[in-house]
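Generate the whole structure from the sequences, applying the supplied hints.
Number of protein chains: 2
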Amino acid sequence: MRIIRENNTQMQAGRQIGCLNKGLGSIPGDSSAEQIVQLGWNLLREDLSLPTAVLYRDRLEHNLGWMQRFMDAYRVRLAPHGKTTMAPRLFQMQLESGAWGITLASAHQTMVAHAHGVHRVLMANELVGRQNMQMIANLLRDPEFEFYCLVDSAAGVELLGRFFSVLGLRLNVLLELGVIGGRCGVRDDVQLEQVLSALAKWNNAIQLCGVELYEGVLKEEKDIRAFMQRACDVTRTLLERNAFARKPALLSGAGSAWYDVVAEEFAAAEFGDAVEIVLRPGCYLTHDVGNYETQQRRILASNPIARETRSGLVPALHIWAYVQSVPEDELAVVTMGRRDAAFDSGLPTPALHVRPGSSEPKPCLAHWETTKLMDQHAYLKIAAGDNVRVGDMIGFNISHPCLTFDKWRTIPILDEAYNVVDVVQTYF
Amino acid sequence: MRIIRENNTQMQAGRQIGCLNKGLGSIPGDSSAEQIVQLGWNLLREDLSLPTAVLYRDRLEHNLGWMQRFMDAYRVRLAPHGKTTMAPRLFQMQLESGAWGITLASAHQTMVAHAHGVHRVLMANELVGRQNMQMIANLLRDPEFEFYCLVDSAAGVELLGRFFSVLGLRLNVLLELGVIGGRCGVRDDVQLEQVLSALAKWNNAIQLCGVELYEGVLKEEKDIRAFMQRACDVTRTLLERNAFARKPALLSGAGSAWYDVVAEEFAAAEFGDAVEIVLRPGCYLTHDVGNYETQQRRILASNPIARETRSGLVPALHIWAYVQSVPEDELAVVTMGRRDAAFDSGLPTPALHVRPGSSEPKPCLAHWETTKLMDQHAYLKIAAGDNVRVGDMIGFNISHPCLTFDKWRTIPILDEAYNVVDVVQTYF
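Chains as they are written, first to last, in this note's numbering: chain A, 312 to 739; chain B, 312 to 739.
Since the hints were derived computationally from the structure, they do not count as laboratory data. There's no promise every hint is true.
Just so you know, same-sequence chains aren't split out, so a pair can sit in one copy or run between any two.
[Said to hold, decoys possible] Dumping the calculated DSBU-like pairs for lysine-lysine here, alpha-carbon to alpha-carbon at most 30 Å:
1. Lys692 <-> Lys533
2. Lys533 <-> Lys673
3. Lys683 <-> Lys530
4. Lys692 <-> Lys673
Below is the structure:
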């Protein structure tokens, strides 16, 4: 099956990039990415209006290859969570690197992916609401579109069944498992049997295709392993009851933090051809210097496959901003704020420092620290006598890619010399 | 002077609203706001894809009038901070209600406002960087565009002077005052005199037009009043030294929390015709149920002008989302997350509850509480036996409008019957 549609005009042409978007240079009007690349912009020459988010091409490619090799080694499928970037250009790179499909979180996100030629979507969420169902129903009329969403309640199945049966459409669903105190998902066998009964009632419209969970609501590895084993047990029981309309059945889990443990446990269940295992990390593409870096250190230290690689994931996303004021010996104020970078799991950290006129950024001094983010400003703690001037450019690493991507509609991709070689659009 | 340009084709035509934007219903392709209104969408009939942000027309109009009357009573100008909404349609409403101009925070934001016909911008920030200066220089070639930005260092003035003198353009600036431990702004007379010397050197290109401060970095009313008095003293001294190129000189302050205190202090200085006072609250337009509601209670209790009004500001922005799962007796999971609502100064609070089929939302029960926000989900704490079902719609009040607006590219405006009567686009 072709995962990227070959003749999707909308994708091939690309939507025009708005000339009023943040973080670009001056363009005469709305332009294509190709037209912008031809302008020959370079970050260090100040061709971009800072603050801007940028992606580094070589680092993206490294991360793409690293994660695909990891998944291949476990013989599991990769369906990267696209909610992280919501950038169809990056979805395309992930699919071209071997991804099985794209994971998404809502009907809206699914519509965006489909409009850009993505042909297989795992919506790792419940589908609720008339208009959201209608949007998915519209996409299901495309015979080449393969779609799965989750169910975790008889009430939810009932609403889906009533909607899709009237339209004569079949909706593929996965049963979501959950834990007490967690998010969605059936907590116990009573709830599970209620969902199965509702599915049996609506089996003309709703097809059970597999089992799903999200382990990221748990914090301890042993709890995560136990949850995985429960998922394998449920999957085995449902296989025995011949409950799945899809062969192989799907078994899916894994956010960006614990994909190694999920891969290990699911692979150890040895389902063979009866089950197709689909893992869904999303943040690996750009990585970060916060929670995901911490997790990556754990993975590199403990996982045999990861240990064999020469290098783990690397941060591929920076926010660049200007020093706008140095009003005190130990304070530089920078033109970057909560409007530009995530701040929910660690503030951006200063990485590179360049004074306009130089063609070579230097590493920031180790004692520089972002101490506060306001809507449009960052406070950078420096030391008296540090060589920091108004007009200097600082490149920041970030924590939590998801909440950084959604602050940008357009993100330039740079080569190693900081030239703009592509421009990514997001659809949040 | 006309503040809204009359013949701005871009504004009159309106940019097309992307059919892939979040929170809309199904539209066949990119459409104008007028075309969307003609579709006759109604929130309660589930014509919109939730989650969606909505604005209530009657509440916007109430807030617009309230704040303009407050400013008029103090005989000060209102230049609402546009960074809050970045919605040119709302800028237009503010200007039509009597605003003197729009305040913005960056060259990019200024470019957006100018492209939509705003003719007077106070950029309450330093202007730094080659491309940012170039963007402003392009706008200054429009003889009808009136623009001010801030300076707080000799180094900054030097960079501006070199850039704008070469182009033969004149840039209007305000001197920013700051406090120790604060953000930007000159801390003392030494820094102030350095800035004045640099301005004298570049007086062919950079014109000092007034004095500015942002009191929101302080927490105590007495400190804020002292800061205001310092600003009045500096302004008086500079008037005596004939330092301002603009007559009347500008004196500007006030975020959304302390505008009453700033209005009082600046009005009490009795500058008469020599000074034009410009205040810059932005969040009043939609208000919130967090920090700004707390401040509003203080203002209504203490300010004589506010006390005379029958009603203060009212929340005009909701996020609507679906209940997607009720997996435990005391937990409902809702389709709204950090991608949809601000979470940096209080989580969204459940306000209205409606079951599809009903035409009348009910107030949410007082004990319902949002306890956690993930990227795409909210945890709503309910009590066992509460009448909450999968598929129910919940309207949430929000805290911190700025960080909610920037999560939406398109926001429908509703009338009192929840019909879509306009659609606002944002430009973050």
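**Item:** Intra- versus inter-subunit Cα pairing at 30 Å for Lys533 with Lys673
**Value:** neither (42 Å within a copy, 44 Å between copies)
**Item:** Within, between, both or neither, where Lys692 and Lys533 count as close if Cα-Cα is 30 Å or less
**Value:** between (40 Å within a copy, 27 Å between copies)
**Asked** Is the C-alpha distance from Lys683 to Lys530 at most 30 Å within one copy, between copies, in both cases, or in neither?
**Response** Classified as both: same-chain Cα gap 27 Å, cross-chain 16 Å, threshold 30 Å.
**Item:** Within, between, both or neither, where Lys692 and Lys673 count as close if Cα-Cα is 30 Å or less
**Value:** Close inside one copy (17 Å), not across copies (49 Å); limit 30 Å.
The structure fails to meet hint 2 from the earlier list, while all remaining hints are met.
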